[in-house]
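Turn these sequences into a full structure, and let the hints steer you where they fit.
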Amino acid sequence: MLAELLTQVTVIIVVLLVGFVPVCIGRRRLRATRHEWRDRMREAAPVAGMVLVVLLANRFTRQRLPDISWAIDWNLTPTFYAIEGEAIIWFQQFASPPVTQYFSFVYIYGYVFILVFPVIAYFALSDTRPLRELLSAYALNYLIGLFLYLLVIAYGPRNIMPTAIETVLYDFRPQYQYLTQEVNHNTNVFPSLHTSLSATIAIFAYRTRDEYPIWFAVAAPLAASIAVSTMYLGIHWAIDVVAGITLAVGTVYAADRLVGRWSLAEDFGIEVDEYAARIRRIAGTSAPTDPPSPAEDDEYGEADGADVEGPSSDEPSTGRRS
Amino acid sequence: MDRIQRLITGAASDQLSITILTLPTDNDRQAIKIARQLEENLKAVGINVRIEPRADAELLQTVLLEHDFDCYISRHPGGYDPDFLYETFHSKFAPEAGWQNPYGFVDTKLDELLERQRSTTGSERKEAIGEALDRLAQTHPIVPICVPDERRLVRTDRFDGWDDHHLGTRLGYLGLEPDENDFEDEVVLNAVITDSSPSRNINPLAAAYRYRGPFIDLLYDSVATRDDDELRPWLAESWEWDESVATITLRSNCLFHDGEPVTADDVKFTYDLLDDTSLGDRDGQSPAPRYRGVGDAVESVTAVDDRTVRMRFGTSDEVGELAFTVPILPKHIWKTAVKDRLENGAEPIQGTWDLVTTEEIPPIGSGPFALTEQEPRSHLRFERFDDHFTRRGYVDLPEPRVDEIAFHVEPNSSAAVDQLEAGNADVTGSILGSETVGDVPDGLELVESESWTFYHIGFNVRNSPFSNLHFRRNVARLIDRESLVADVFNEQASPTVTPVTGEWIPDDLEWDGSAPYAPFFRDETNSGDTGELDIEQAKREFERHGFQYDEDGEYIVRS
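Chains as they are written, first to last, in the working numbering: chain A, 6 to 327; chain B, 3 to 561.
Derived from the structure by calculation, the hints contain no laboratory data.
One thing to keep in mind: the hints can contain errors.
Ranges of calculated distance between the beta carbons of each label pair, as one might list FRET restraints [unchecked claim]:
1. B:Glu242 x A:Arg64: 57 to 63 Å
2. B:Val442 x A:Ala229: 41 to 47 Å
3. A:Pro103 x B:Ser516: 42 to 48 Å
4. A:Arg64 x B:Asp166: 39 to 45 Å
5. A:Gln106 x B:Val442: 23 to 29 Å
Here are some, though not all, of the chain A residues that point toward chain B, as calculated from beta-carbon distances under 7 Å [to be verified]:
6. Gln68
7. Tyr160
8. Asn164
9. Pro179
10. Gln182
Even for Gly, the Cβ is constructed at its ideal location relative to N, Cα and C.
Dropping the structure here:
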């Protein structure tokens with residue numbers, strides 16, 4: 006049953022990507038990527054490795070995690086329930102089969118899509134800094150999330166309000182529980198990693214909105230939908246969602262600082278950048294590349310500025326964004 | 003400060019507040035619903051409530067071993083013989099950790115009745131039990147709520163014989179007939195369970211992980227086995243009673259899964275171990291946190307020769323025979339396990355020391371199946387033990403006919419049913435939640451078994467406020483069994499005011515629409531509306547018994 010579900014998710018995500026990648030990323034960036042992927046891989050490899058280690062650690066500790074949590078026995082479920090009561094029931098007034106269909110689709114498929122797409126999109130940028138920042142933010146989200154999961158026992162609202170929520174995901178799609186329990190245990194709802202990772206991605210999408218305006222237009226509502234879906238489907242408390250957003254802001258900030266500190270570009274100075282730029286220029290002589298836009302230079306000041314005008318140069322650059 | 007706190011948590015700082023432990027929706031949808039109903043009524047009469055969901059084993063751990071609770075709502079395994087009341091409520095067990103008297107209940111009159119039912123038989127015993135149940139119904143250490151129907155779904159295309167024996171016992175899994183055409187070589191029975199406990203710990207003495215289910219009885223043999231209403235010889239070929247002494251003859255040439263022979267010495271050792279898990283190492287005894295009542299009935303055990311055991315009981319033979327159902331443990335493994343732990347400096351603290359909580363003692367028994375694989379929270383695999391005595395031609399007992407049984411842990415009842423529908427499993431090993439049994443899906447069959455389990459509220463009478471009888475009674479009066487059975491159980495349960503079932507219930511405690519000693523505070527003025535709580539009457543009753551309300555009369559002030 007799990008294999009079936011995984012296949013189903015994979016197929017849908019691939020279909021979404023096939024449709025979305027060309028539209029959103031653009032042929033030129035993809036063509037450039039074909040030439041530069043080795044360099045970009047090399048630059049992103051340390052961070053990507055980190056994400057992999059965190060994911061593997063999650064994989065192997067998952068079975069043991071609940072036992073340790075119960076040994077610590079810091080059960081915050083009653084506290085969350087005492088504080089917010091049945092607040093998330095508020096979403097039930099909008100409940101209808103299409104809305105439920107939408108949110109359950111978003112919770113499972115939308116979430117996987119929002120996680121996967123920016124990795125591809127940022128890999129398609131000649132500046133790897135957004136990619137590296139995104140990956141470190143993923144890793145940080147997971148690490149801090151896992152730590153809190155270990156520390157805190159919290160059942161989600163559906164586990165304490167068996168009747169109040171008509172739209173519990175696992176009641177009308179019990180099979181989804183196989184999927185989610187592969188990643189998570191039912192005592193791990195604080196914070197909402199669905200929310201924190203989606204919010205993280207939304208913040209990144211905002212910062213790269215000049216490179217990927219379509220992606221920003223998609224990611225922002227999608228991330229919001231995912232956050233709402235966790236409450237609508239009875240999986241998370243509002244507190245978990247707030248904690249998720251806080252975690253997202255914190256990790257984006259931290260990723261900013263950390264990547265700045267240890268990036269190869271800064272450690273090894275200009276030579277690496279120039280070297281990369283030279284390769285790109287050599288590559289450029291044989292195939293037309295999609296040069297980074299000025300906006301990208303603004304946001305991530307270390308990109309090579311030696312290239313020709315970007316496609317969005319007809320719009321005046323507004324300088325550094327906040 | 004008060005106002006802020008009330009705003010945030012809905013309770014004033016001087017308000018009486020209690021915590022209800024129960025299972026989360028995933029584990030037991032009915033228990034949490036009962037808890038929510040009680041919460042609503044408690045709040046209505048001005049008592050603040052915290053509901054704390056805990057997973058199966060963790061709930062039992064807190065209640066049975068740590069005694070760290072106000073009250074809890076869950077299912078009790080009950081028992082086919084009412085003697086389980088002795089273990090559950092006798093005051094001599096109040097200080098111990100385990101299934102024995104977790105409530106800390108002390109009542110000398112009840113003690114006397116519980117002892118009397120152990121030494122009498124027939125109508126005398128029945129009378130003593132009736133009186134004990136009456137006493138329980140008046141003193142409220144627990145509030146029995148209802149006996150849920152015990153239902154399981156099975157697939158009939160690969161195996162037959164589901165109705166032959168109770169599926170909550172070992173016999174339910176023996177004698178099942180595989181349809182040979184459906185299997186190429188290995189015959190594997192796939193069962194789905196919703197309680198992960200056995201996959202996490204299969205120690206027969208670990209109280210928090212042992213609730214119900216056939217797991218221990220598949221792995222370990224016992225002297226006798228329960229088959230419907232009778233006790234049949236199992237590891238024993240036969241036994242004979244002489245006054246209060248039973249002489250047991252064991253079957254010949256039985257082996258443990260590691261090849262060691264099962265002897266009278268192992269049987270004696272098992273009962274000695276139940277009596278004192280430190281095997282006499284310390285002055286004080288450290289009785290096991292399970293089988294306490296039946297273990298207590300045994301006065302002495304002697305191994306007469308390899309195959310003969312003599313057991314002396316301090317009870318009637320009817321109660322004594324209940325001790326024949328405990329799992330017989332291999333001395334060569336458990337004695338070493340005890341010695342190793344004591345040598346390493348472990349303190350044999352009753353009920354909670356390593357021997358009776360660890361998952362590390364090799365799960366070697368002599369039962370019809372041996373454990374081959376155990377993956378926490380995922381699955382357990384058992385493989386047929388070919389040397390088991392039931393496989394001998396001349397033994398007229400159901401024998402294991404499948405090569406392997408796999409128990410897969412599912413997140414909840416509906417997921418378990420899905421696995422059956424998808425053809426991935428043959429039986430729902432755990433009892434189904436009543437939310438999942440509506441129309442029986444095509445190709446599946448519903449098996450209904452006799453049920454001894456009951457939903458109840460258990461009180462920790464060691465601490466205020468549940469140390470107060472009047473408080474317990476008034477809380478009991480907030481329970482509307484009929485509306486719970488209708489709304490929470492879809493009528494798939496019977497209301498009850500006693501922890502026993504069937505013919506043991508005395509006439510005056512038979513459910514007749516109202517609990518005799520603690521009737522629901524029903525709002526009679528609104529007769530069309532059943533399930534309506536008469537808040538004013540309830541508040542007056544709390545007040546009458548010394549519970550003070552705040553000046554606005556809204557909530558009970560903590561004393």
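Checked hints:
1. A hinted range of 57 to 63 Å holds for the C-beta pair Glu242 of chain B and Arg64 of chain A, which are about 58 Å apart.
2. One distance hint, 41 to 47 Å for the beta-carbon pair Val442 of chain B and Ala229 of chain A, holds here, with the actual separation near 42 Å.
3. Distance hint check: the CB atoms of Pro103 of chain A and Ser516 of chain B are about 47 Å apart, consistent with the given range 42 to 48 Å.
4. The given range of 39 to 45 Å is respected by Arg64 of chain A and Asp166 of chain B, whose C-beta atoms sit roughly 43 Å from each other.
5. A hinted range of 23 to 29 Å for the beta carbons of Gln106 of chain A and Val442 of chain B is consistent with their spacing of about 28 Å.
6. Contact between Gln68 of chain A and chain B, as hinted, is supported at the beta carbon level, the nearest pair being about 6 Å apart and thus within 7 Å.
7. Proximity of Tyr160 of chain A to chain B holds as hinted, the smallest CB-CB distance being about 5 Å (cut-off 7 Å).
8. Residue-level restraint check for Asn164 of chain A holds (minimum Cβ-Cβ distance to chain B is 4 Å; threshold 7 Å).
9. With 7 Å as the threshold, the beta carbon of Pro179 of chain A comes within range of chain B, its nearest partner Cβ sitting at about 5 Å, so the hint holds.
10. Residue-level restraint check for Gln182 of chain A holds (minimum Cβ-Cβ distance to chain B is 5 Å; threshold 7 Å).
Violated hints are absent here; each numbered hint is respected by the structure.
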